[in-house]
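**Student:** Work the whole structure out from these sequences, hints included.
Going down the list, the sequences are from chains A and B. According to my numbering, the residues represented by the first sequence are 3 to 1189, in order. According to my numbering, the residues represented by the second sequence are 11 to 345, in order.
Keep in mind that the hints were calculated from the coordinates and are not lab data. The C-beta atom is built at its ideal place from N, Cα and C for all residues, glycine as well. Not one of these hints is a red herring.
Pairs of lysine to any residue residues, derived as SDA-like cross-links and limited to a Cα-Cα distance of at most 25 Å, are as follows:
#  : chain 1 : residue 1 : chain 2 : residue 2
1  : B       : K169      : A       : E606
2  : B       : K39       : B       : Y54
3  : A       : K761      : B       : P224
4  : A       : K909      : A       : K956
5  : A       : K1016     : B       : E81
6  : A       : K1157     : B       : P32
7  : A       : K653      : A       : E637
8  : A       : K1157     : B       : P286
9  : A       : K442      : B       : S68
10 : A       : K806      : A       : Y1067
11 : A       : K1132     : B       : P224
12 : A       : K806      : A       : L793
13 : A       : K578      : A       : A508
Label-pair restraints from in silico Cβ distances:
#  : chain 1 : residue 1 : chain 2 : residue 2 : range
14 : B       : N128      : A       : Q180      : 36 to 42 Å
15 : A       : C723      : B       : V222      : 31 to 37 Å
16 : A       : G43       : B       : Q223      : 43 to 49 Å
17 : B       : N128      : A       : R767      : 33 to 39 Å
18 : B       : C314      : A       : K1130     : 54 to 60 Å
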Amino acid sequence: MLDANEAVASVAYRVSEVIAIYPITPSSGMAEVCDEWASAGKENIWSDVPEVVQLQSEGGVAGALHGSLQAGALSTTFTASQGLLLMIPNMYKIAGELTPFCMHVSARSLATHALSIFGDHSDVMACRQTGFAMLASNTVQEAQDLALISHAATLKCRVPFLHFFDGFRTSHEINKIQTLPNDVLDAMIDPKAIASFRANSLTPDRPTIRGTAQNPDVFFQAREAANPFYDVVAETVEEEMAKFAELTGRKYSLYEYEGPEDAEDLLIMMGSGAETAAETATYLNAQGRKTGVLKIRLYRPLDLKRLVAALPKSVRRIAVLDRCKEPGALGEPLFVEVMASIEEARQSGLLSDSFCPTVIGGRYGLGSKDFTPAMAKAVYDELNASSPKRRFTVGIVDDVSGLSLPVEADFDIEADQVIRAVFYGLGSDGTVGANKNSVKIIGEGTDNYAQGYFVYDSKKSGAVTISHLRFGPGKIRAPYLIKNAGFIGCHQAQFLEQYDVLEFAAPGAVFLLNSIYPADQVWDHLPEEVQTTMIEKQLRFYVVDAYSVAREAGMGGRINTIMQTCFFAISGVLPKEEAIAKIKEAIEKTYGKKGPEIVQKNFEAVDQTLAALQQVTVPGAVTAEFKMPPVVSSEAPDYVQRVTSVMLQNKGDSLPVSAFRPDGVWDVGTSKWEKRNIAQEIPIWDPDVCIQCNKCVQACPHAAIRSNFYDPEELADAPDCFRSVDFRAKDYPNKKFTIQVAPEDCTGCSLCVAVCPAKNKSNPREKAINMRMQEPILEEERASYDFFLKLPKPDRSTLKDDVKFTQFKEALFEYSGACAGCGETPYIKMLTQVCGDRLLMANATGCSSIYGGNLPTTPYTCNSDGRGPAWANSLFEDNAEFGLGMRVAVDHQMGIAKGMLVRLGDKLDAKLDATLVDALLNAEQSDEAGIAAQRERVVQLKSALSQMDTPESKRLLDVVDYLVEKSVWIVGGDGWAYDIGFGGVDHVLASGRNVNILVLDTEVYSNTGGQASKATPIGAIAKFASSGKQTGKKDLGLIAMNYGNVYVARVAMGAKDTQTVNAIYEAMRHPGPSLIIAYSHCIAHGYNLASGMEQQKLAVDTGAWTLYRYDPAKHESGENPLKLDSRKPKQPLYVYTDNEARFRMLKMKDPDRAKELGRLAQSFTDERYELYERLAQPFESKPKENK
Amino acid sequence: MDLTTKYLGLTLKHPLIAGASPLPDDLDKVRELEDGGIAAITMYSLFEEQITRNLIGSEAHIGAYENSFSEAASYFPEVDLLERGLENYLDQLQRVKKTVSVPIIGSLNGTREGEWVNYASLIEEAGADALELNLYFLATDFDVTATEIEDRCVGIVAKVKERLGIPLAVKLSPFFTALPHFAKRLTDAGADGLVLFNRFYQPDIDTDELDVQPMLELSHSSELRLRLRWLALLSGRLPVDLSVSGGVHTGIDLAKSLMAGADSIQMVSSLLMNSPQVIGQSLSELTHWMEEKEYKSLEELRGCLNYQHCPDPEALERANYMRVLKSFRAGSSFR
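**Tutor:** Here is the structure:
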């Protein structure tokens, strides 16, 4: 049982010598598994271990591949989407030089109006003109098989191959396949071809030159010389397919028709959708229709003869479905090529003139939109309409351009003997892992077939997972989500009040609920909607208290084994005894090496589960006295109620095209309407112990604990439970102070409690805030929070720029989907507090763009004046330049405004205070008061302008707001700043423009699952550095300092928050480029993030992270701009690193290497501090010049 | 001077061995100990909690994030590395065995019966020459009686001894109500040696942080006196080897221990604080003193000052006690 990523990688690895990679979803899995194999010394078919090399970007990968191939090594790579685009320039070269090479792509959408990590063919279609051959696989089995065929073919014909399959739908689908042993690979790969390849390589032993510059006299001819190679590609691939069929019994053809000989309606497709269409055609034909599917495998070169030969001549109507969009073209690529092929074939005599089918073209499946049999049927039906749409879309409701086809919701072709199960789990409860295990148990342990596909939430933690599992006696195709499940498992009872968990329950299905209520009570705790559905669908209801069983068996909160046991016990997918035996076998296998006690615990859990599982009698009538709560408050804006709330319920598929702005622009302030309620415990403030330092507010990653001070009169309407105390600040006498948690938004990370410095004198275990169970106090805290939000906020311009008072400024970044305890978000939150109302943010792709912009709800919001951060994510590699562009535009518009003010000067003066224009032009805007004053002036100016009606006054009105300074911040992680975007960062730093770069340094590629970056420190284990990173962390700060006019700061909020706050203000005010590198703890470091701020302190105390500021303003006074803000390390490095799994793991894996790298890291740290100390030496005062 | 000693059935070139400490984590230090002349080395303890805590931590802070986000099925390569607490211990034991030729004594520390038997066997399989069972726990439960605690310990020893092929030593704390009787029970249950004593780390109160701080202070020669008394009491009365641990720093300390009846003597703090030369120094100090006092062999020395020859040790103890009280005179500047 494998997914396509693993199956393809297994082939590519064994027939390659060099593997150059860069991680990108959904291809990263292929690269990761190759890296694991290489570290473990697994050999390819020539008994060598391939070399896996990570580059700084896919552009770098393509370059490295080009070099590696030219120098004679069999090379490969895996990529998708934006990464694939970055490889295009070298793809032209590799093809132009007729270099045998095969790359594997898990086809993914390209970012257009939005980014999508999901699958479609946009990326591979963008490569169709590069000269690469393109081979499409439709299933997991095909992906493995065609991977080998591609590698074999390219060596034979010298044309490079791009082998692709659907991202997620195929790349991540686990299915039962026949694997390929080494001898098959050996038989397919021709050693003579390899010898030729090497003979042709770039070597001083037989020197040649490549990459000449050719002129008009010869370029064209030399280009055309490659034609004969392309002419034989189809034939070569066919030969390899034939050889493969002989070796394995599996036959493939370039253009494979599936259907009756006399089909009249034909679908032409590539990818997993073709499988769905084929299954649908079979079903329809059984009902008397005449439908078929032509599956395109070799898309490039498109072989006209073979394509035409595969077309049944009985066909009268053809629909070509493309899984991409090419706006402005006559039609999508495959459609246009099929049209042209038919016409071409007729003109060249390959088809008779009487073969004149209607050919229509449509789009489906963009961004992994599910392509179901109902949709395939809709297309077949459209073909038979009296006048079929020439262009259409299927799978959505398009009420804007009317292109969509109607789809029969209930159409279902799934076989009865296939068991279909859908499981709802929470990310942390192990449901997906258990299901992957179940699928393996069936698929590998019995003769049955199994399929597993997993759908995840948009949130990074506390997220819902939905597993779709199929089991059956025959091969399972069905590459689409389950709509009629015979088994629904709901592993978290609270989901019943948030999602339509029983939506996919088939009539008579089994419903298993994990609930704390026993069989005789659980019914009363179900909302009306659930009871109604259960009765209507006549579901068989089972309940189990999995958390109790887990606790009693000593397994803590991991309920996965328990729920898995229940599934097997009830579903009948295997006889119960056999199923239990197999589960125990699997437990032994998975947990055996962790110790017999763990195995025993799990066995006990299995046994106790069966005892704890109870069937519930479903009453005949609904008795519920409550309904599912509304998804969003009735006070939410219209868009949130109509659109966002639908998405929040997992019903976004039903939203029509008209629900969306055509340019991808999205409203701010939506996260406040999604009340996640994921915290079991929330922090409760003890006013008597509190020293009012606001550190808890500062540390909160989600802006879910806030503080305010206000006049005592405001408390008149306060609810009784509202907590408040005298504010102890001498600048603000006679005020009250409150710290309040947002009980439904808190994630329970407890960092606020961890950083609180105040202990309760009588009970030092308690602090000024303490975690308490959320449920019993929810009502009260909700009322308190609602009241708290209505309290007036202090005037920003009076608040000091220090740690405490900065936290009284309104955070305009709240309730993001970041992990509980995230180390990045407190910095972003602080940034929005400092200048959010005049902030433009260019945000690189990465964690910060996911928690910052992943729908349905996003965390950036605006204040009561309607101002707030203007946030945009462009790409990954271009983020610094993206921000620079914003700066240039903003500056220019301010220039326009100022210029016009000067020109309009006298016309305006009459209407305004004479000094106003002058004040507008020369405003001092470096602090809140200055900004507020300028805003006031602009209001007056606008009023004056609105009384004028000239082209100039109108033009000025367009840009008048730019007279108020904007702060441009370029934000992203270390993956962007140190690696893929470094070129841009460097250029922007050198530009001298007033931009601020904030690098949220987690020292690893967090978002894509922990791959090493140049920011990863020595000795840390990461993917692609699984033996511990050998090289030292790149010093981005030192590089930036080199320019002399860049403000540089290295900060760590948990170690020295005063310095962090100062750095942000200083960077903002520095009239040139600034760079802040911020230490961010992360789940990829491997420890309880409640200790995140503590670790930051240790990082600084041990020298792993030295704090400093380089302020160019000091050049003026002749001082050394560099000042160290942390002291000489007083503890050895291991005091810090021993707490983190990313370092400790190496000790476990290879203690000697861990020791060696530990020593190396310590001396690197010592040397680095020594260097900083010297660099920060005060300058000798210059002797007075004698004139 | 022939200092050959038999301890736990092992023939040692002299009685001085390295007690359980972090030293064996570093193979270089292990070599230095052997070069310095140590007769045997005790591994650091394998704590049962370490294993379970690692597992729980790993599940909670690493496993919990697996398979929950579409872009990352995991955040680490080879996650199960963290759960290798037991394997790492066994690997290191094997490495230590390969590095030196002196006997290696494994060390197990825990409180529950559970996995003892299994871990003990694994340690034996990994090549340990003997096993030291560290029954370290503080009786904090108001409802647990002294008998229950003793029964638990005796039960563990019996169970381990059932399966164990190598000799078993039991390291005790001094806080048992009736130590001689308890020692007899342990010996009957199969203990081949008793180690006197564990050192409890007494936590201190941090008045600034309002917290209880664990304190690690290395031992002092004065602590040896507690051990000497109990050694003297037990020596020669039970068919069990006696090992002393805690407060041994000099050759004179070695002599005292031997005189009280120790079969082997463990050094820990001294080895942590000093270079391995302290081994040779202490031994030559001992030898020198023995020669001076004209002892010709260890047999002559061993146990010469134990209580075996005293008819009523309890009476002797009380008499000494009263004598000590009477002899005390407050110093002029004593507060």
